[in-house]
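Once you have looked at the hints, place chain B on chain A.
There are 2 protein chains.
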Amino acid sequence: VTPGLVSLVGAGPGDPDLLTRLALRRLRRADIVFHDGLVPEPILAVARRASRQSVAKRAGRAETSQQAISDALIDASRLGVRVVRLKVGDPYVLGRGGEEAHALEAAGIPFEIVPGISAALAAPALAGIPLTYRGVASGFVVLSGHDPHAYVPILDGLRPLSATLVVLMGLATRASLTADLLTRGWPDTTPAAVVVDASRPDEFVWAGTLAGLPGFSTGTSNALPGVIVIGPVVALRTKEHSHVRVRQSALVGSRPVGVR
Amino acid sequence: VTPGLVSLVGAGPGDPDLLTRLALRRLRRADIVFHDGLVPEPILAVARRASRQSVAKRAGRAETSQQAISDALIDASRLGVRVVRLKVGDPYVLGRGGEEAHALEAAGIPFEIVPGISAALAAPALAGIPLTYRGVASGFVVLSGHDPHAYVPILDGLRPLSATLVVLMGLATRASLTADLLTRGWPDTTPAAVVVDASRPDEFVWAGTLAGLPGFSTGTSNALPGVIVIGPVVALRTKEHSHVRVRQSALVGSRPVGVR
Chain A
204 VTPGLVSLVG
214 AGPGDPDLLT
224 RLALRRLRRA
234 DIVFHDGLVP
244 EPILAVARRA
254 SRQSVAKRAG
264 RAETSQQAIS
274 DALIDASRLG
284 VRVVRLKVGD
294 PYVLGRGGEE
304 AHALEAAGIP
314 FEIVPGISAA
324 LAAPALAGIP
334 LTYRGVASGF
344 VVLSGHDPHA
354 YVPILDGLRP
364 LSATLVVLMG
374 LATRASLTAD
384 LLTRGWPDTT
394 PAAVVVDASR
404 PDEFVWAGTL
414 AGLPGFSTGT
424 SNALPGVIVI
434 GPVVALRTKE
444 HSHVRVRQSA
454 LVGSRPVGVR
Chain B
204 VTPGLVSLVG
214 AGPGDPDLLT
224 RLALRRLRRA
234 DIVFHDGLVP
244 EPILAVARRA
254 SRQSVAKRAG
264 RAETSQQAIS
274 DALIDASRLG
284 VRVVRLKVGD
294 PYVLGRGGEE
304 AHALEAAGIP
314 FEIVPGISAA
324 LAAPALAGIP
334 LTYRGVASGF
344 VVLSGHDPHA
354 YVPILDGLRP
364 LSATLVVLMG
374 LATRASLTAD
384 LLTRGWPDTT
394 PAAVVVDASR
404 PDEFVWAGTL
414 AGLPGFSTGT
424 SNALPGVIVI
434 GPVVALRTKE
444 HSHVRVRQSA
454 LVGSRPVGVR
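Sequence order for the protein chains is A and B.
Numbered according to the working numbering, the first sequence spans residues 204 to 463.
Numbered according to the working numbering, the second sequence spans residues 204 to 463.
Quick caveat, the hints were computed from the structure, so don't treat them as lab data.
Any given hint might turn out to be false.
A pair counts as met if it fits within one copy or between any two copies, since identical chains are not told apart.
Keeping only pairs whose Cα atoms sit at most 20 Å apart, straight-line, the calculated SDA-like set for lysine to any residue is [unchecked claim]: (1) 442 with 306; (2) 442 with 310; (3) 442 with 305.
Isolated chain A (complex conformation) (with noise of 0.2 Å):
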């Protein structure tokens, strides 16, 4: 059997309507998903013909589970089906999408990558906030908030206020990386915002300073992954201006604004 093609495919922030057209139709053509839990059905749905596979990582396995989705990941591609591999944002972008790619590449599995939205940078936008802006901010730190001893030595030698700091991962941690910041310099008056759920219906945004970034509370949904923007253009934000209100708002309705 010929081996099938692997597509590490990136299912962007969780809106259906931001998945691109090439994932669109990977997942449409797909006989077996392998998705990440994060991953909301209205975007599995689109997989109609295929078979799931929901390879969650548990958290303190996560060494043996990686491992263990690279060969699920092989073992298919051998029995010659069309395999896609989806993980939530973009793929290789603290998604662990690399570690994949050599375990494929080192089996000869053919593979593709296609790239996915990923809430690094649409969090913040849909949120109304510029990553970079003329003379306030040009140019932006992503970073993961999972584990202070990864992040800690970025942050070391980062001028205070001289990038936007974007973290991924960091709701639970975010007491200990204000202190970081704190502790480096960075002022407790520095604009900070929180995007948690971006693009889907309930989005969320959390805007004030990095002194209120330990205490501020999403009420329901703390435990969801949510999206930590530090610095001056925070404070840039326009309002409501994410797709999804514009939506919700029926600005484009079945009779939209705008059209005559």
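Using the frame of chain A, we list chain B on its own:
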């Protein structure tokens, strides 16, 4: 007349297949599209019923022309038509989308943000380079290479090799960027890559080290926008796994591999 909705739309890196479903819908229904000079024709062609207006900036006149672009968006909206402002990549990454949003907000124009795939993330991915990798890089920095005065403060403190560097609009300044990194302690053996025309048929990848970065040549396309990636993750690159190559290799043709 009720003002028309203005959609700030990210066109992605160039391949129409990397447009999102939402971007496709907005383009198809647009009455007028204001686009950058870099948006390729196959993407513009999606906006089949729209009139098109190029708002490419001329060197040295950016200041004036940014105001003119915002004014044009406002004027069009006030005619009651559907307006798309189309930018390569993501509208809020180094694209001055934030300034346009502010102008629209100040004028009371309804607008929305439609995130797109940024070349900052997609170009490395399509070149087989994961921006993060367990134990190698747990974060990345995105900079514009256009203006050294803007990026130098970010590089100043950044600990060498602590994060992957992604530089947009840096091909012209790559010699001075390399010198700036070497004087800040980055080893000249640091892996580096340049990705030109990511996701387009003539996608081109150069991979080497920081020492070789100033001297590499893309051949014909030296003036084109390219993405520079610097850091140990570049050495982890898998080869020829861009979906563009996969498509060209007929792995996914009329009789694709992997379909029984």
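Tested hints:
Proximity of residue 442 and residue 306 under a CA criterion of 20 Å is satisfied inter-copy only: 13 Å between copies versus 44 Å inside one chain copy. In this assembly of identical chains, the alpha carbons of residue 442 and residue 310 lie at most 20 Å apart only when taken from different copies (14 Å versus 49 Å within one copy). Proximity of residue 442 and residue 305 under a CA criterion of 20 Å is satisfied inter-copy only: 10 Å between copies versus 42 Å inside one chain copy.
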